[in-house]
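Could you put the whole structure together from the sequences, leaning on the hints where they help?
Going line by line, the protein sequences match chains C and Z. Add 289 to a position in the first sequence, counting from 1, and you land on the number used in the numbering used here. Add 289 to a position in the second sequence, counting from 1, and you land on the number used in the numbering used here.
It is worth saying that the hints were derived from the structure and are not from the lab. Please note that a few of the clues may not be correct.
Because identical chains share one entry, a pair is satisfied inside a single copy or across any pair of copies.
[Unchecked claim] Quick list of in silico lysine-lysine cross-link-like pairs, DSS-like style, CA-CA up to 27 Å: (1) K538 to K513; (2) K388 to K341; (3) K555 to K513; (4) K571 to K538.
From a predicted model like this one, the values you see are computed outputs, not experimental measurements.
Protein chains: 2
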Amino acid sequence: MAKSVTVSIDAMGGDHGPSVVVAGCSRALEFHPQLQFILHGDARAIKTELEKYPKLASVVTIEHTDLSISMDDKPSQALRKGRGKSSMWRSIDSVKQGKADFCVSAGNTGALMAMSKFCLRMMEGVDRPVIAAIWPSIRGESIVLDVGASVGADGQQLATMGVLGAAMARALLPIQQPSVGLLNIGEEEVKGQDNVQEAARLLREWNPTGMRYHGFVEGDDIGKGTSDVVVTEGFAGNIALKTAEGTAKQIGQYLRDAMGSSLLSKLGAFLASGAFRHLRQKLDPRRSNGGVFLGLNGLVIKSHGGTDATGFAFAIEIGVDMAANDLMRRIQADVGHISGLGDDDDGAEDASDSKN
Amino acid sequence: MAKSVTVSIDAMGGDHGPSVVVAGCSRALEFHPQLQFILHGDARAIKTELEKYPKLASVVTIEHTDLSISMDDKPSQALRKGRGKSSMWRSIDSVKQGKADFCVSAGNTGALMAMSKFCLRMMEGVDRPVIAAIWPSIRGESIVLDVGASVGADGQQLATMGVLGAAMARALLPIQQPSVGLLNIGEEEVKGQDNVQEAARLLREWNPTGMRYHGFVEGDDIGKGTSDVVVTEGFAGNIALKTAEGTAKQIGQYLRDAMGSSLLSKLGAFLASGAFRHLRQKLDPRRSNGGVFLGLNGLVIKSHGGTDATGFAFAIEIGVDMAANDLMRRIQADVGHISGLGDDDDGAEDASDSKN
Numbered sequence: 290m291a292k293s294v295t296v297s298i299d300a301m302g303g304d305h306g307p308s309v310v311v312a313g314c315s316r317a318l319e320f321h322p323q324l325q326f327i328l329h330g331d332a333r334a335i336k337t338e339l340e341k342y343p344k345l346a347s348v349v350t351i352e353h354t355d356l357s358i359s360m361d362d363k364p365s366q367a368l369r370k371g372r373g374k375s376s377m378w379r380s381i382d383s384v385k386q387g388k389a390d391f392c393v394s395a396g397n398t399g400a401l402m403a404m405s406k407f408c409l410r411m412m413e414g415v416d417r418p419v420i421a422a423i424w425p426s427i428r429g430e431s432i433v434l435d436v437g438a439s440v441g442a443d444g445q446q447l448a449t450m451g452v453l454g455a456a457m458a459r460a461l462l463p464i465q466q467p468s469v470g471l472l473n474i475g476e477e478e479v480k481g482q483d484n485v486q487e488a489a490r491l492l493r494e495w496n497p498t499g500m501r502y503h504g505f506v507e508g509d510d511i512g513k514g515t516s517d518v519v520v521t522e523g524f525a526g527n528i529a530l531k532t533a534e535g536t537a538k539q540i541g542q543y544l545r546d547a548m549g550s551s552l553l554s555k556l557g558a559f560l561a562s563g564a565f566r567h568l569r570q571k572l573d574p575r576r577s578n579g580g581v582f583l584g585l586n587g588l589v590i591k592s593h594g595g596t597d598a599t600g601f602a603f604a605i606e607i608g609v610d611m612a613a614n615d616l617m618r619r620i621q622a623d624v625g626h627i628s629g630l631g632d633d634d635d636g637a638e639d640a641s642d643s644k645n
Numbered sequence: 290m291a292k293s294v295t296v297s298i299d300a301m302g303g304d305h306g307p308s309v310v311v312a313g314c315s316r317a318l319e320f321h322p323q324l325q326f327i328l329h330g331d332a333r334a335i336k337t338e339l340e341k342y343p344k345l346a347s348v349v350t351i352e353h354t355d356l357s358i359s360m361d362d363k364p365s366q367a368l369r370k371g372r373g374k375s376s377m378w379r380s381i382d383s384v385k386q387g388k389a390d391f392c393v394s395a396g397n398t399g400a401l402m403a404m405s406k407f408c409l410r411m412m413e414g415v416d417r418p419v420i421a422a423i424w425p426s427i428r429g430e431s432i433v434l435d436v437g438a439s440v441g442a443d444g445q446q447l448a449t450m451g452v453l454g455a456a457m458a459r460a461l462l463p464i465q466q467p468s469v470g471l472l473n474i475g476e477e478e479v480k481g482q483d484n485v486q487e488a489a490r491l492l493r494e495w496n497p498t499g500m501r502y503h504g505f506v507e508g509d510d511i512g513k514g515t516s517d518v519v520v521t522e523g524f525a526g527n528i529a530l531k532t533a534e535g536t537a538k539q540i541g542q543y544l545r546d547a548m549g550s551s552l553l554s555k556l557g558a559f560l561a562s563g564a565f566r567h568l569r570q571k572l573d574p575r576r577s578n579g580g581v582f583l584g585l586n587g588l589v590i591k592s593h594g595g596t597d598a599t600g601f602a603f604a605i606e607i608g609v610d611m612a613a614n615d616l617m618r619r620i621q622a623d624v625g626h627i628s629g630l631g632d633d634d635d636g637a638e639d640a641s642d643s644k645n
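Written out as structure tokens, the structure is:
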């Protein structure tokens, strides 16, 4: 039997609140019967939803909070009003207290990041937290980071992302020695990407165990799956992610228009409906729902605010896989190893030991 | 009859050289009988190809050069060895000399940009040249700039791109008052995008005629066609463009796999083959081939190096539309207006008049 995993949940997060969140937990439980849940939020609203899922209700602890963070609270606002007492804060705090293996919230990204930093603090050896996304590719799946937290990341921060992303790939994909590519643009003598050049130098110099530095990749390499991990600064990464989502929707629209354009194409689409169902599944954004916050002393997963129960369950699933593979300890060991490289070797070992 | 337009062509550029370039010119001539061509490159190789296209041959002037720039010459190398005497340089120089309305090269982007800057010089009031791409969207087509030349562009440079892109949209799409969006990421309090904030402030302050500032857009807005023009710094823009290309290929692959997965789906695909043909056309990257260099004293169009005759003809077509709509004069007037805003009004008018 798989070892029990406890998930802390912000039951009030997202566009739909407890109705979707509780349904999502129930769905995750179907696939992972070893799960236990701590649901933070309005106890009455949560109980009402739980009545629909008696099996889930038996593995849930409810922690009541009066306060929830809204989708358009600014991070600083959210922190001021919600610190210590909001469902979002409390769900993160359960991870800090060691009561939960990870937490999931569909609440607003900025607030969740601000609270996570404040509550869990940065991991030693990491400057800035980042958000990693699981990106479907022709070859399977890749990890792309950062997709929005580290605007203007410098070379050292980019190189550290490589280490974080590789640990996540080893836990999730799982691959023994994931390849790590640095997102760059083709031009050779272009100025202004000093951070990317510096990151390349550092990754070569550090030569971290548990990953293989692949070199530069370009935007079209993400979909090809050229490297298992793609590292980029948060602004470009967020734009890449959203642009890919937009392109997928656009092509979906073209496809629907084309298939509805004549009787013959409608008949063809009907005959091929099994194939289209399969395609829809492959492109289903719910299947890559879940941004993973890396670089903190604890695991926080951000679900898309507008997702449904299936999407929320996928976000939980990411955490289950990462907890099962002891991601946090892997990352702490890897980062400890890297950040000790500047000191003497003993220092590096000490740093990594003190984390375990 | 449409007024005659002369195109200067780097016949040696691209992966395939004169064979594709000359065939592309012939194809462009079919649609635009008013075209005249100056072909720069190895006279013997060009003549051999021209024998296949007698109609084209009658509107071509050949300017022989011994030297051509290779696809992997670095920009500085290319400039050193090719300045004054390579087919690439000479094709740009024909624009400078007023012999041609615009030039097209499928040669290497970095070299073409370096030579274009050196030969044509920056337009007054513009700091850095940019590359604009035509991006298909659900609503039609948008202009996205910059897709690779202006890594690290500052606020002023981004705002100027808005003006350049709007002029191009008015000439090409054509729309009287194009909307201009600034590409940004969702987070409100994220640091590091000061350039985007500054650009927003400047566009509001300048309030340029001939465009409407739309506000911020995100990556998925490009495919939706939320704004007619999307402005971004070169690194993120190049990554967005390549990521969209990669995503389109990836989905195409999924679609082919799905349609080939069973007898029924194959039959369905056969019946819907007309619809699929239409879809393929919509997604054909050749139809958006052609990066337009803006901000220089002359019009240079970069064709994709690996394209075929149809793709090369599309790149020529962009130039034809822009020349027909007097793009360069529009841009000079718009930029003159903007860059004159710091001075008194008369100064602005003088600056714009002196360009005409």
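Evaluated hints:
{"no.": "1", "hint": "K538 to K513", "result": "both (18 Å within a copy, 8 Å between copies)"}
{"no.": "2", "hint": "K388 to K341", "result": "within (26 Å within a copy, 78 Å between copies)"}
{"no.": "3", "hint": "K555 to K513", "result": "between (31 Å within a copy, 25 Å between copies)"}
{"no.": "4", "hint": "K571 to K538", "result": "both (13 Å within a copy, 14 Å between copies)"}
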